[in-house]
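Same order as they appear, the protein sequences are chains A and V.
The first sequence: position 123 = 123 (this note's numbering), numbered continuously.
The second sequence: position 11 = 11 (this note's numbering), numbered continuously.
Take the hints with a grain of salt, since some may be wrong.
Said to hold, decoys possible - Every beta carbon over 12 angstroms from chain V, so not counted as near; a handful from chain A, in silico:
#1 Asn32
#2 Met38
#3 Phe199
What the hints assert, rightly or not - Residues from chain V that face chain A, not an exhaustive set, calculated with beta carbons under 10 angstroms:
#4 Pro57
#5 Met59
#6 Arg69
#7 Pro106
#8 Asn108
#9 Pro110
It is worth saying that the hints were derived from the structure and are not from the lab.
These figures come from a predicted structure and were not determined experimentally.
Built from N, CA and C at the ideal position, the CB exists for glycine as well.
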Amino acid sequence: MSMEYSRDPFSSSADQEDAPASDYVRALVDENQKLRAMLAAQQIGSEDHTARLASLFVAVNSLHCALDQRAVLSSVRDIVTTLVGSEEMAIFDVDASQGRLRLLASEGIDPGPYQDVRIGHGAIGTAALSGEPLIRHEGGSVDGTGDDTLTACIPLKLDERVVAVLAIFRLLPQKGRLDASDLDLFDALTAHVGTALVFTRLYSSSGGASGASM
Amino acid sequence: MRKKILLADDSNTALTLERMLLAQSAYDVVLARDGREAVRQAVDEVPDLIILDVVMPNMDGFEACQEIRRLESTRAIPVIMVTTRGEGHHVETGFKVGCNDYVTKPINGPELLSKVRNLLGE
Chain A
1 MSMEYSRDPF
11 SSSADQEDAP
21 ASDYVRALVD
31 ENQKLRAMLA
41 AQQIGSEDHT
51 ARLASLFVAV
61 NSLHCALDQR
71 AVLSSVRDIV
81 TTLVGSEEMA
91 IFDVDASQGR
101 LRLLASEGID
111 PGPYQDVRIG
121 HGAIGTAALS
131 GEPLIRHEGG
141 SVDGTGDDTL
151 TACIPLKLDE
161 RVVAVLAIFR
171 LLPQKGRLDA
181 SDLDLFDALT
191 AHVGTALVFT
201 RLYSSSGGAS
211 GASM
Chain V
1 MRKKILLADD
11 SNTALTLERM
21 LLAQSAYDVV
31 LARDGREAVR
41 QAVDEVPDLI
51 ILDVVMPNMD
61 GFEACQEIRR
71 LESTRAIPVI
81 MVTTRGEGHH
91 VETGFKVGCN
101 DYVTKPINGP
111 ELLSKVRNLL
121 GE
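With these hints in hand, go ahead and build the complete structure from the sequences.
Encoded structure:
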């Protein structure tokens, strides 16, 4: 506190000294209120930060706990619904030898138009080719075509190689728009979903649980 | 004394995230993975607050909330419903069956904690 008060404000015995004491107490009360507001704001900031870190941890943890492809896809669906806020999504496997993307799973959309996607074509194919996420910003579309049903196309990688693509379509109405924490989450998905998918294939081809030595 | 919160959700992601957020705020957490288990845990544990997802197997969150309100030992426990759909009729159904408040997915940590504290009178 910057205000200086050289004597004990509560030791005053004369009536004429009450005025400066009450000014001092009022200033203290004001300052306490400001400190409380500052601490409350810091607490909200800290909770927000914790929630963001917790989201990343939960997402990565659930992906790497999955031992089969179905469980990985189920985890991705759960993550997108619970942490991002969309019930419309599709996951594609990259078949580089055929130059195509194969639809692995979808939720909340008509899968028909997405059965055969060529690498390098459209937003989903472009994300597969470039390895860069395509994110729709407010009022625009991911690929500039005006298609506002796609919110994000996220390449899913093993090291630097794109092995799959996650397409997220419309967000839940209450979500409105993507924020910085969603972009952090997409980075985590890029790094971990592809690895989890490849791991489940290897695990399955090695005989799965029956072939494990531990 | 630490307050106890019952979390009921069939989503591992939601359960883990909510548990981490609440444990970090010094609450004890009990888990249930469907509505029927939530009612049983509510009776057995008598938590200070219940967070119920709407869409769950065996018994959904609305039915579980109704049952919790029907039982003498649990009827006064505050309930927060978690819904993916924020539309009016979903929210209205939640309040009709006796929930005290609701949050929508995606889960917003600070919002959830604020509602928890509010209902616990903190």
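How the hints compare with the structure:
no. : hint   : in the structure
1   : Asn32  : 19 angstroms, holds
2   : Met38  : 16 angstroms, holds
3   : Phe199 : 18 angstroms, holds
4   : Pro57  : 14 angstroms, violated
5   : Met59  : 20 angstroms, violated
6   : Arg69  : 26 angstroms, violated
7   : Pro106 : 4 angstroms, holds
8   : Asn108 : 7 angstroms, holds
9   : Pro110 : 4 angstroms, holds
Violated hints for the displayed structure, listed by number in ascending order: 4, 5, 6.
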